[in-house]
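From first to last, the protein sequence lines are chains Z and W.
For the first sequence, my numbering assigns the number 1 to the initial residue and increments by one for each residue that follows.
For the second sequence, my numbering assigns the number 1 to the initial residue and increments by one for each residue that follows.
Hint data in this document are derived by calculation from the structure and do not stem from the laboratory.
One or more hints might be untrue.
[Stated by the list, open to error] Calculated lysine-lysine pairs in the DSS-like style (CA-CA distance at most 30 Å, straight line):
1) K86(W) - K705(Z)
2) K188(Z) - K145(Z)
3) K152(Z) - K320(Z)
4) K609(Z) - K753(Z)
5) K114(W) - K638(Z)
6) K323(Z) - K455(Z)
7) K214(Z) - K112(W)
8) K3(W) - K705(Z)
9) K247(Z) - K294(Z)
10) K5(W) - K705(Z)
11) K294(Z) - K312(Z)
12) K251(Z) - K144(W)
13) K294(Z) - K106(Z)
14) K214(Z) - K5(W)
15) K200(Z) - K152(Z)
16) K144(W) - K705(Z)
[To be verified] Here are the in silico distance ranges between beta carbons for each label pair:
17) A90(W) - P162(Z): 38 to 46 Å
18) R311(Z) - E53(W): 43 to 51 Å
19) E53(W) - R640(Z): 29 to 37 Å
20) E53(W) - G546(Z): 55 to 63 Å
21) G168(Z) - A90(W): 43 to 51 Å
22) K5(W) - E224(Z): 24 to 32 Å
23) A336(Z) - A120(W): 57 to 65 Å
Every residue, glycine too, gets a C-beta built ideally from N, C-alpha and C.
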Amino acid sequence: MSTVQNVSRREFVKGMFSAGAFVLCGQIVPRRLWAGSPDPSSDPVAATPFHPSIWLGMEPDGSVVIVASRSEMGSGSRTGPAIVLADELEADWNRVRIEQALGDAKYGGQDTDGSHSIRDLFDVMRQAGATARTMLEQAAAQQWKVPASECKANLHTVTHPPTGRTLGYADLVAAAAKLPVPAKESLKFKPRTAWRYIGKETSLIDLRDITTGKAVYGMDAHMEGMLYASIEHPPVLGGRLRSFDDKETLKVPGVKMTATIDPFKPPHVFQPLGGVAVLADNTWAAFQGRQKLKIEWDNGPNAAYNSGEYRKELEATAQKPGKLVRNVGDVDAEFAKGGKIIEAAYYTPHLAHASMEPPVAVADYRDGKVVAWTCTQNPQECQTTVAHVLGIKPEDVTCHVTLLGGGFGRKSKPDYVAEAAVLSKKAGRPVKVVWRREDDIKFDYYHSVAAMYMKAAVGADGLPTAWLQRSVFPPIGSTFALDTTYSDPGEMGLGWSDLPFAIPNHRAENGPAVAHVRIGWLRSVANIYHAFAINSFVDELAHAAGRDSFEYLLALLGPDHIVDRKSLPENFPNYDGSYEQYPIDTARFRRVAQLAAEKAGWGKRSMGKGEGMGIAMHRSFLTYVATVVRVEVNGAGKLRIRQVDTALDAGTIVNRDTVRNQFEGAVVFGTSLALHGEITAAGGVIEQSNFADYPVCRMNEAPEKVNIHIVESEAPPAGVGEPGLPPFAPALCNAIFAATGQRVRELPLSKGKLTG
Amino acid sequence: MIKLKVNGVQRSFDGNPEMPLLWYLRDVLGLTGTKFGCGMALCGCCTVHLNGEAVRSCVTTMQSAAGASVLTIEGLGAQGLHPVQKAWMAVNVPQCGYCQPGQIMQAAALLKSKPHPSDADIDEAMSGNICRCGTYQRIRAAIKAAAEEVA
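Modelling step: build the complete structure from the supplied sequences, incorporating the hints.
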């Protein structure tokens, strides 16, 4: 569990800039608002008297410093791993401090995405905690001259039960530091029943700072003498600067200079888009100066991109045979038998991340080295990208990680950090690059638009005897190699090559699509559209069969079983989890579906006019989720989401409150994309720009009641940040069908009109 | 010269009177608890109190703040946590937390004018504040909890 590093999207990254480039360079320094050059002697773990690993240190007073290697963007990744360590250490949580790690390969992968922080770090943190705890017990044993096996750590103390003696950790720090670090194999871990914090509710470590306005985000990072920069990017991807006139710009009070940023050399990967930057002594002056720029662009080949026509191309491709992704039995033979055939096509548009904090970074280039402070999900990628763009070595880039005002995948891509570094080099002083909301919406790494075609032959019982599914979308791979038009096994593994149903004949296909915008991953990635198509189609089949949607879903799963690994594609990555440890277990699917249905009152609750319930389920990031949505659509077609019940099985969970909060939030994120989310382009230019034309869910349209139900499980930990999202939109649309008889086959709902 | 009070401290400003209060607070005073989210009064991240009323500081010019008393998140709990902040902590509202200073300032203004807000009152007052992480259910619960405490 601890060595997993290669989810497909990380593979892309390695292929580009990162080969062999992760070199030790970091020091762990306290997160500070007023940043200067990092002080190499300020590593809080190395400076503590007792630091048996890179993950923790203990101060003379017994207080514990735990290193957070992952970024905090709201999913609890700064707090969760520390909880595991503190539990195994028998530490008093009130005496724990968390320090954020610099980008540094010694921590292994630091990319906070793919819902794998707990999965990657659970064993690592337990081991670090058990190591220190064992040494404290040994130190006490030496002092009492008793066998270490008789000594027991207990909430920041070690006791000797036979004699009732007790010593605090503070009394043992010095002695423990002199002991050899015990071998991993010799460690004894606490039994599950003795867990003090794991599986319980713990507040985020940053809770108080957040509520008092003291928390430091990328937007709040500051370096002495810095200029504030705002950048006019080429309006079309791949566009280039022809000429610009900055005379009026330079007259704006506070504006100090302008500077150009070179366009990327294809493929774009995480390089800056290029453009013209205005640098000023405050953010607003930079914004003002930018409005006065007169620029002529060469828009390049993507200027022919119109999303309306593009949609038609995708939908036409989805009607044609595609690349085989998975095959079970023989769907063609079954279709040829001429039984009852049901077909449907689904469409979902591009989405923007729109995290509340737009991309922002401060960088200081000096003597061939860069120090950056930024809201990043991936500080090591900041090192490699900045180094690549400036032609320096990754180890000469120091990346400090602030809190992130949301990330959702956008902040894994450090183009904005490279912009700050490039501009600092040009300005000869630190530069803070601030993206406006308009920049964030118009120049995102977009979630893919997708067209899907589904076809089933159904038997007398209404269950499918053959099931064909075809999905077409510009793949994430296009960001790393422009001519990539087919998805890779990783992307197919996101809810497409892993259909869990017991259908004798099944084929999954993928058709080609050329990208005209930067494509990136967004919370749960391809699972969003794949779960939408599959769960909507299941509901259509259930209704066609005249059967209850929930009962039908269970029937599709068949008797409880592990999906045969051999029936899955050989290259199915299973989110980089071993199939032995994380098999597709239909019993776990069934349990979450039953739990969600039961809690929602499925089949028991009487429905009024215009009311309806829908169900959907999906496994992503190794977590099983089922969602039941209850809606009301009135005579005027106004939709109200009355209640959502989400049941989940994420295996062993660490912070119960974080799990609830993440799944509650996923429902709201899902409401945004189902109701409003759509990015369109005309002439290669993105047509949306801010929350007025790219609306997201607000309180008055959020589901009125969201209940989260957690299946108690001792299975290995799985993902939490993303898996709540995929089943929401189809459950909602299935509920709308139940309420109105109106089938939704494309998102967002705002494009059509509901008839109550 | 524009004079104003920020968190009880008298300040004067001789820059461009059209500068939004947000950037004065953040870039000039270093009060970074007030956040930039959209620049167009669409998201509420930048909410502060101007003479006791919740306003979007990203579209409030320094000119229009002349002579006013401004309260930011840093000032709200200066004399011990405000009941809204306590409730936010008790309910574990935040995820990423970026929008929460604005949410808290908006909620504090709501409770001042309506100590016992209904669900409709809460919707009305809070729907200008976006939380992309989706903590609305907890925000509602925290406002109700704070109302209990104030009562």
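(message) A range of 55 to 63 Å was offered for this pair. Does it hold for the Cβ distance of E53(W) and G546(Z)?
(response) At 58 Å between Cβs, range holds.
(message) K86(W) and K705(Z) were given as a pair; does the straight-line alpha-carbon distance stay at or below 30 Å?
(response) At roughly 23 Å apart (the allowed maximum being 30 Å), K705(Z) and K86(W) satisfy the hint.
(message) Does K455(Z) sit within 30 Å of K323(Z), going by the straight-line distance between their CA atoms?
(response) Holds: K323(Z) and K455(Z) sit about 16 Å apart, inside 30 Å.
(message) Against the 30 Å threshold, does the CA-CA distance of K5(W) and K705(Z) hold or violate the hint?
(response) 41 Å, violated
(message) Holds or violated: K144(W) and K705(Z), Cα atoms, limit 30 Å.
(response) The hint holds at about 15 Å.
(message) K294(Z) and K312(Z) were given as a pair; does the straight-line alpha-carbon distance stay at or below 30 Å?
(response) 36 Å, violated
(request) Go ahead and decide if the range 43 to 51 Å is satisfied by the Cβ distance of G168(Z) to A90(W). (result) 30 Å, violated
(message) Checking one constraint from the list: CA of K3(W) to CA of K705(Z), max 30 Å. Satisfied?
(response) Measuring from Cα to Cα gives roughly 46 Å; hence the hint is violated.
(request) Can you let me know if the beta-carbon spacing of K5(W) and E224(Z) is within 24 to 32 Å? (result) 28 Å, holds
(request) Mind checking the hinted window 38 to 46 Å against the Cβ distance between A90(W) and P162(Z)? (result) 42 Å, holds
(message) Against the 30 Å threshold, does the CA-CA distance of K214(Z) and K112(W) hold or violate the hint?
(response) Holds. K214(Z) to K112(W) sits at ~24 Å (cutoff 30 Å).
(message) Would the hint linking K294(Z) and K106(Z) be met if the CA-CA limit is 30 Å?
(response) Roughly 47 Å separates the two Cα atoms, so the pair is violated.
The structure is inconsistent with the numbered hints 3, 8, 10, 11, 12, 13 and 21, although it conforms to all the rest.
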